[in-house]
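*Asks:* Sequence:
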Amino acid sequence: MNQTTVIVRGGGDLATGTIYRLFRCGYPVLVLETADPSAIRREAAFCEAARLGEKTVEGIVCERILEPEACAGVWRRGRIPLLVDEQAGAVEVLKPQVVVDAILAKKNLGTRRDMAPLTIGLGPGFTAGLDVDCVIETMRGHRLGRVLLEGAAIPNTGVPGMIGGYGKERVIHAPASGVIRNQASIGDWVEQGQEIARIGQVPVPASITGVLRGIIRDGYQVKEGLKIADIDPRAGERENCFTISDKARCIAGGVLEAVVSWENGMWRPEK
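Read in this note's numbering, the sequence shown has 241 at position 241, and its numbers run on one by one without any break.
What the hints contain is simulated information worked out from the structure, not anything from laboratory work. Careful: at least some of the hints might be erroneous.
As the list claims (entries may be wrong) - Quick list of in silico lysine-lysine cross-link-like pairs, DSSO-like style, CA-CA up to 27 Å:
id, residue 1, residue 2
1, Lys95, Lys107
2, Lys168, Lys247
3, Lys227, Lys95
4, Lys271, Lys247
5, Lys223, Lys271
6, Lys223, Lys106
7, Lys106, Lys95
8, Lys107, Lys227
9, Lys95, Lys223
10, Lys247, Lys107
11, Lys271, Lys107
12, Lys106, Lys271
13, Lys168, Lys223
14, Lys227, Lys106
15, Lys107, Lys168
16, Lys168, Lys227
17, Lys106, Lys247
Said to hold, decoys possible - Label-pair restraints from in silico Cβ distances:
id, residue 1, residue 2, range
18, Glu169, Gln201, 35 to 45 Å
19, Gly141, Glu169, 12 to 22 Å
20, Ala176, Asp114, 37 to 47 Å
21, Arg76, Glu224, 40 to 50 Å
22, Glu239, Met266, 18 to 28 Å
23, Trp189, Glu270, 37 to 47 Å
24, Lys95, Glu239, 33 to 43 Å
25, Glu86, Gly225, 33 to 43 Å
Where a beta carbon is used, it is the ideal one built from N, C-alpha and C, also for glycine.
Use the sequences and the hints to build the structure in full.
*Replies:* If you want it as structure tokens, here you go:
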């Protein structure tokens, strides 16, 4: 296994693409998550290990640990460790060579350049050379996955990418605050207007007809306006609900490029 240890903050579906690729390429990776993650595409997100104990995505198992020192044993068993550590305290313990902020919060939630010899931020909220060493573009389009050694990623537009001719229509936001009770599962075919969940007494109808690509976990305390579900209008895409997306893989390629080029001395951040 590579001697370059990587800590990835965040284990959602886009972060999972990066975690998976780095691990498959031999890097020892530790995932840091919150105790109650709000992933939508839960079947393709390692963060689910935070509440389930472990989560398998495309044959790779992510296992929750209770302390950073447990990482070595998990790596030896060919698994990825995940630690509930929202403040990234494990960075001081493990002193990784690389820290990747993959929280995708559209803002920096505490990642600093001095956390590691190489720090990488995914998407908007980071400026290369200021709070991280480099930024990976996360906006769909020609720049997706590009490694930025200066400047910032394209600002968040708030408009989802087009899938099957649908953009914002395919994403569902909570119509009210409260505990969500799901009435459909990831991978189900749903019809427009069908009730897929209920928040208190407020029904949540499917916005379009298609495959339920993701839905926040049953029993989650949601706030009005929170993204809670995603529908893919393409009938033949059910199996993709359970695999890493093309966007996540493209972003992962950018992260891997940044790490390998840095290891090979092709660039060095000035700190």
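*Asks:* Report the numbers of all earlier hints that the structure fails to satisfy, in ascending order.
*Replies:* Violated hints (numbers, rising): 3, 4, 5, 9, 18, 22, 23 and 25; every other hint is consistent with the structure.
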